[in-house]
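A.B. asks: Take a look at the letters that make up each chain.
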Amino acid sequence: MKRHLWIILILVLALSTALAACGGSAKPTQAPTQQPAATSAPPAATKAPPAASGGVLRILTWEGYAPEELVNKFTKETGIKVEITYIGDNNELIAKMAATKGVGFDLVSPTLNYVATAQEQFGIYQPLDLSKVDKDLFIPAYWESILKNSEYQGKPYALPFVWGTTAMVINTEKAPDAGKSYLDLCDPKYKGRVSYRAKYDTLYMFAYALGYDPAKAVKSEDEYRKVMNAVRDKLIECKPIVRTYWDSRQQLEDLLKNEEVWVATSWDAIAWTLMKENPGKFKYVVPKEGAVGWFDTFAISAGAENVDAAYKWINFVMKPENAAVIINKTGYQTASQGAVELASPEMAKIVAETLPPEKMKTIKWYFPLPPYAQDIQADVLEQVKAAQSK
Amino acid sequence: MKTLARNRGQWVLLTFMLLWIGLLFVLPHLKLFYLSFVSRRGGEFTLANYLYFFHSPLYRKIFVRTAVFSTLVTLLTLVISFPVAFIITKVAGKHLKAMLLLAIILPYWVSELIQAFTWMVFFRETGVLSYLLRAIGLTHHNIEFLYHDSTIAVGLVYTSLLFMTIPIINSLDTLDDSLIEAAYDLGGNFWSTLREIIIPHAAPGMMVGSIMVFMLNLGNYVTVTLLGGKNSLWFTEIIYNQFIIRFNQNKGSAFSVILLTFSVLFVWIVLKITKQDLSEAM
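Chains F and Z are the protein sequences, given in the same order.
Heads up, the first sequence is in the numbering used here, so the first residue is 856 and it goes up one at a time.
Heads up, the second sequence is in the numbering used here, so the first residue is 4 and it goes up one at a time.
Take these hints with a grain of salt, some might be off.
[To be verified] Here are the simulated DSSO-like cross-link-like pairs (lysine-lysine), alpha carbons at most 30 Å apart as the crow flies:
(1) K233/Z to K1094/F
(2) K1219/F to K1138/F
(3) K1046/F to K64/Z
(4) K1074/F to K1089/F
(5) K64/Z to K1089/F
(6) K1035/F to K233/Z
(7) K93/Z to K951/F
(8) K1112/F to K64/Z
(9) K233/Z to K1219/F
(10) K1081/F to K64/Z
(11) K1136/F to K233/Z
(12) K233/Z to K1143/F
(13) K1081/F to K1216/F
(14) K1054/F to K93/Z
(15) K233/Z to K951/F
[As the list claims (entries may be wrong)] Okay, the calculated bits of chain F under chain Z, using three or more residues with CB under 8 Å as the criterion:
(16) 911-918
(17) 938-950
(18) 1006-1018
Just so you know, the hints here were simulated from the structure itself, not pulled from any lab data.
Glycine is no exception: its CB is placed at the ideal position from the N, C-alpha and C atoms.
Turn these sequences into a full structure, and let the hints steer you where they fit.
C.D. replies: Shown next, in the form of structure tokens:
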């Protein structure tokens, strides 16, 4: 009998399962097993902070938001070690935090529109202690607006960090006229040369393009379902036009660089980086409906063990010379006062060209989602993905 | 059991095994089972999570698609693996045999995620395959091979080949070559020998391989979503959506239990039809 063959097989199976888990696939048994409480318990404020110097800071954030360069500098300055876990999705962030009521992470970077609703449902953050934050580091307009919009029961839960927009990117040689409206993503002229995400941002873009205001409609369940169903019908009608739904930054870049796709929705930073690398070939365009805007924040976990270090990190990262590193690395913009001036002038020029003040005024910011809205969006997206087309 | 009691070392091993199975397998599944029968708010007993599935034509459709597709891929893997296993055990010499085995195992040194990305480079419109076809003059345009059902099938067959081949090698190894010779001596040809001698002997291995491959395909997530493109919805993605996008652990658990029950039932039925015994097959 070939026993060693069986051993090899079992090892391979175990290994591939482990690797798949690392690779980001979700296994049902790994998902949160704790029932989220219907009413949020006040976060434990009695926990004694650990010794001021040293210790470990555990951050849950997006790729590029805590570059190695800054982490090393921070550890050198403060003696605090930094451990980073990356997330690719706000729901993933909330699911991770809700599983342990935030224990295991000190500092997180949720997108603004998810902060108050997640706090209401799962109680995963703690109120901010503004006395520990250096307010002068922030651009005042953002400071005011983010604190106000992250309030839950009268207390602010989030500080402004990084923001960006989602609109369209075009190949200026193959599709120079595209990008006037999001409905260009549905133009038979570009059949098979179009890509967008099968995610919420696409739903909002099409809703605005079809003349609805989803930010207003979301306040009523019936109204929101009506709007989203109209968007669904349009997306199913457009399915033969789209080549594939893109999922990751890398995938979109590949599709565009290989000229497999000419017209796509894109985060501004992806398009700007492409414009910088291939001058004249690509362009970030904001159609008449306006770009969709998002704001990522700093929030402190309800289960944080090193709160002091979290505030130290915030004050460190928001210093203009440090925030400039993030701008250069990711292409995103920050709420740090004076960082843009320190970042690359080349990038600043591209940004000013494609997102001038008059376009900034038309940005449609992400709106808070009640639980029923999450379900409606998921329903619609599943139906769109399940509809078969050539 | 008596010898077991006498042997302390075996008790230690047994404890580890029971802990392993209990903590990592039984306990999570019990929790999953429990969650699937309670309501999301309040936590009282309900069947609503299951009814939700059966009342949704969309979810039923995706479920059937996943099951049929997994079955087809399993059959395809079987057809490809059998000759490979036969060559390795009966045709190849000692050195070639080791080389071939290594060649089968080697791709599993990279994760499934990387394998899927490699297939994407190979199949995409501006990818390797399209380039080769143009180079030898078969076409003048680039052709998109990605984002079709057949691409998913290739990816799935590739990731599950090993799990079919090894069990078949295992069972063919015990087949005495003289039996094949005898079959030919008694007037059998290639097909009748294959049908009457080789396949019946290899059947337990084929069964085990098929069960493993079927389960792996049914529960696949990475390969399907990456290679599938716009029409790729797989049942695992629905479960993911319930847990992560909708924060609905209860429906997610119910869906997981449905998938689990179905795969166990399916295997049981196939075993009954082919008159195989699982313990014998293993």
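A.B. asks: The structure should be examined with respect to each hint, and the outcome stated for every one.
C.D. replies: So, going through the hints one by one against the coordinates:
no., hint, in the structure
1, K233/Z to K1094/F, "holds (8 Å)"
2, K1219/F to K1138/F, "holds (20 Å)"
3, K1046/F to K64/Z, "holds (27 Å)"
4, K1074/F to K1089/F, "holds (22 Å)"
5, K64/Z to K1089/F, "holds (22 Å)"
6, K1035/F to K233/Z, "holds (25 Å)"
7, K93/Z to K951/F, "violated (51 Å)"
8, K1112/F to K64/Z, "violated (36 Å)"
9, K233/Z to K1219/F, "holds (27 Å)"
10, K1081/F to K64/Z, "holds (24 Å)"
11, K1136/F to K233/Z, "holds (27 Å)"
12, K233/Z to K1143/F, "holds (27 Å)"
13, K1081/F to K1216/F, "holds (28 Å)"
14, K1054/F to K93/Z, "violated (52 Å)"
15, K233/Z to K951/F, "holds (28 Å)"
16, 911-918, "violated (count 0)"
17, 938-950, "holds (count 5)"
18, 1006-1018, "violated (count 0)"
Hint compliance for this structure: hints 7, 8, 14, 16, 18 are broken, all remaining hints hold.
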